[in-house]
Amino acid sequence: MIVELGHYALVLALALALVQFVAPIVGARRGDEALMATGASAALGQFALVTFAYGALTYAHLVSDFSVVNVVEHSHTLKPLIYKISGVWGNHEGSMLLWDLILALCGAAVVAFSANLPRDLRANVLGVQGLISVAFLAFILFTSNPFARLANPPLEGADLNPILQDPGLAIHPPLLYVGYVGYSVAFSFAAAALIGGRIDAAWARFVRPWTLIAWIFLTLGIAMGSYWAYYTLGWGGFWFWDPVENASLMPWLAGTALLHSASVMEKREALKIWTIFLAILAFSLSLLGTFLVRSGVLTSVHSFASDPTRGVFILAILVVFIGGALALFASRAGALAGGGLFAPVSREGALVLNNLLLTAACATVLVGTLYPLALEAFTGEKISVGAPFFNMTILPIAAPLFLAMPFGQQLAWKRGDLLGAAQRLVVAVGLSLAVALAALALRGGPALSILLAGLAAFVFFGGFAEIAQRIAPRRTQLSVMLARARGLPLSAWGTAFAHAGLGVTLIGIAAIGWGDEKVATLKIGQQFDIGPYRVVVTEVAPRTGPNYTETVARMDVREDGRLVAVIEPSKRAFQARRMSRTEAGIATMGLGQIYVALGDQVEGGAIDARLYWKPLVTLIWIGALIMSFGGLVSLADRRLRIGVARRAPRRKEMAGALPAE
Amino acid sequence: MTRKQRRLAFVVGALAAIGAAVGLSMFALRDNIVFFYSPTELAAKEIKPGVRVRIGGLVKEGSLVKGQGRAVAFAVTDTAKDVKVAYDGILPDLFREGQGVVAEGPMSADGVLRADNVLAKHDEKYMPREVADALKKQGVWQGEGEKK
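In order, the protein sequence lines correspond to chains A and B.
Heads up, the first sequence is in the working numbering, so the first residue is 1 and it goes up one at a time.
Heads up, the second sequence is in the working numbering, so the first residue is 1 and it goes up one at a time.
Be careful, since some hints might not be right.
[Stated by the list, open to error] Capping the alpha-carbon separation at 30 Å, the derived lysine-lysine pairs in DSSO-like fashion look like this:
#1 B:K48 with B:K84
#2 B:K45 with A:K267
#3 B:K66 with A:K518
#4 B:K4 with A:K414
#5 A:K382 with B:K81
#6 B:K45 with B:K84
#7 B:K45 with A:K382
#8 A:K382 with B:K48
#9 B:K4 with B:K45
#10 B:K84 with B:K66
#11 B:K66 with A:K523
#12 A:K518 with B:K84
#13 A:K382 with B:K60
#14 B:K60 with B:K48
#15 B:K84 with A:K382
#16 B:K60 with B:K84
#17 B:K66 with B:K81
In case anyone wonders, no lab produced these hints; they're calculated from the structure.
All chains should be built: construct the whole structure from the sequences, respecting the hints.
Here's what the structure looks like:
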């Protein structure tokens, strides 16, 4: 019964989404206040209904209701509770329902935080948001119904794919989806601005917090996915340039560009049309990502099932939204008042460079991801574009971007002084050289690692250089420095942390060159030297878990004879699906990790294994956490807080109150 | 700088960035792509030794030979033609005779693929799409997902 109610709620939600799409937009055209106001209640109602539907599906999973196809195919009575809850989105139908839930949440959040918005803009934003909901609710109801019943329910389910039975499943998809879907708000704002034909600095101020929230979640989601792949796939890599990873990287790159161009628009009323375009692009790439992952054109751990009708449906959604938005853009953008021009050497100029490089990087990732698909569609030839392509194209684009980041922070708005900026960065340059030289002297290793370490240090120290100079331009008392630090706008701190976080990630990547890697056949009592550590195999034994059995190899990790850690890499066999999964044994030593992944059992109790020593590897993900923290700090800035922004009347006064950055 | 010069500076900058990105992509695409062949297609092509290829098919029953240490040799078949593969490393979790597999690496002069990467299927339902296509071409595809 509850399952049917959930299905019914979803149908009602679709009907409400249609109302939310049509009524406010028509109202905004006619200037009809009452019609415009329906958008808000429709959005809230839709959120309540989709939440109920989602709750109903979760309930079916919790009680193992095997009369529901979705539960039969992806659950099992013995499955641990956490995977019964997170398993709801561990399959195609459920994950699309989560997509819709977050979309509805975004709509409700817009309602909650948009009291200050001009009414027509608010109505148009909610209308566009409604249209997106219509598309995706229809997608679920017509091609991917999670509530389908089974006439003869079996006694037991097929269980969740073992690769997904991992705490990562509870965290990674929701984070990533909030990021993906969060960009829909920026998209709706862009479309609403084009429909309404009005765009100004206040618009950028409305959009920035939404973009920032999506960006924070996307950053965390990508980092979490990367760490999950790292510890679960057994290859010890953190990024594989897999099309599915690229699908999440592209909106991240576009969204990062959007954040930066929106700040130019907000401060200087320039780059308006470009910013609108980026807002459309970021969400379009999110949709493309959804298409690539959910349509079955790619096979990976993410493609749960391939059903051609779904692919065609998502492709249609993709074409309608991207095509529609771009057509709207083409027809309306010319009519929008363009922004002013500015000197190339200035904060604005630096942000334009940032945008150019980020979009160029995004374009190359797009080419590398879609080229194989296009080639196969047109010629039937199958190729794979892998890491060598991306390393070769992204590095030359990224390196100048990293180099330019600290300079951008140093340049003033309107007219910058490159020489002055260079002088102010002398300390950062000195520290980076010191880091590079220290790396060379202490570790040696590949030249690329040394160079990248220096570059990473430059991004890190350069990130804080601006703050340092604003707090203490010359020798200053500590109390004065603290007072000044408190006085700085939080957005300046946010920028510093976000940039420094990238530096931290880059150091982690540079350190790959100093790692150690071995493939060995392990026997009890055998020792292996890996990096500065010695690994001793103490036991190889079977063990039983809740819904699997495993072969565990216990190993002592010793440093100078002293026991520093015990790791238990294992090989799990899941009965329900007759599948096995490698569980890496990982010991974190400071910032580095010892990583052991088991292979197949061979004769005589010995077992094959890959052993890695990965110095500083955790910095890759810690850096992403710092980046997100920077975003959060920016978000807390009074000026950027959701709903605080107001239109024209207060603008002059606010601009006057802001310190010139 | 005049307005015109400023605008020119931006346009030139933008074109340079786009040009560099396009150039890099073209250059990288020329050297860094790997073609996928089924065993039948591979037999029809003259692949120079040292060229990297990806092949897909089933691991031929009875062809798996364990050598010294972790060295293994096996044949990949699409039932019409076979390709010999040599691999030194840890085979993936679901590698079994009779199962779908993708192997990637340089071809050697004697027609053996020196694989440095072997991929098997993720679960009992999933077959690498390339393998499924290679098998469909030979008409021996039995899995699901054919018509839906």
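Each hint tested on the structure:
1. Taking the CA atoms of K48 of chain B and K84 of chain B, the gap is about 16 Å. The hint holds against a cut of 30 Å.
2. Using a Cα cut-off of 30 Å, the hinted pair K45 of chain B and K267 of chain A is violated, with the two alpha carbons roughly 60 Å apart.
3. Distance check on the hinted pair: K66 of chain B and K518 of chain A sit about 20 Å apart at the alpha-carbon level, within 30 Å; holds.
4. A C-alpha spacing of about 17 Å is found between K4 of chain B and K414 of chain A, which places the hinted pair at or below 30 Å, so the restraint holds.
5. With a CA separation close to 19 Å, the supplied pair K382 of chain A and K81 of chain B stays within the 30 Å bound.
6. The suggested pairing of K45 of chain B with K84 of chain B holds, with an alpha-carbon distance near 15 Å, which does not exceed 30 Å.
7. Distance check on the hinted pair: K45 of chain B and K382 of chain A sit about 14 Å apart at the alpha-carbon level, within 30 Å; holds.
8. At roughly 18 Å between alpha-carbon atoms, K382 of chain A and K48 of chain B fall within 30 Å of each other, so this suggested pair holds.
9. Between the alpha carbons of K4 of chain B and K45 of chain B the distance comes to roughly 56 Å, so the proposed pair goes past 30 Å and is violated.
10. Restraint check for K84 of chain B and K66 of chain B: the C-alpha separation of about 14 Å stays at or below 30 Å, so the hint holds.
11. This hinted pair checks out: K66 of chain B and K523 of chain A have alpha carbons roughly 18 Å apart, not beyond 30 Å.
12. Distance hint between K518 of chain A and K84 of chain B is fulfilled; the C-alpha atoms sit about 26 Å from each other, no more than 30 Å.
13. Proposed proximity of K382 of chain A and K60 of chain B is supported: the alpha carbons are some 23 Å apart, at most 30 Å.
14. Restraint check for K60 of chain B and K48 of chain B: the C-alpha separation of about 24 Å stays at or below 30 Å, so the hint holds.
15. A distance of roughly 20 Å separates the Cα atoms of K84 of chain B and K382 of chain A; the hinted pair therefore holds under the 30 Å criterion.
16. The suggested pairing of K60 of chain B with K84 of chain B holds, with an alpha-carbon distance near 10 Å, which does not exceed 30 Å.
17. Straight-line distance between C-alpha atoms of K66 of chain B and K81 of chain B comes to about 22 Å, which keeps the hinted pair within the 30 Å bound.
Hint compliance for this structure: hints 2 and 9 are broken, all remaining hints hold.
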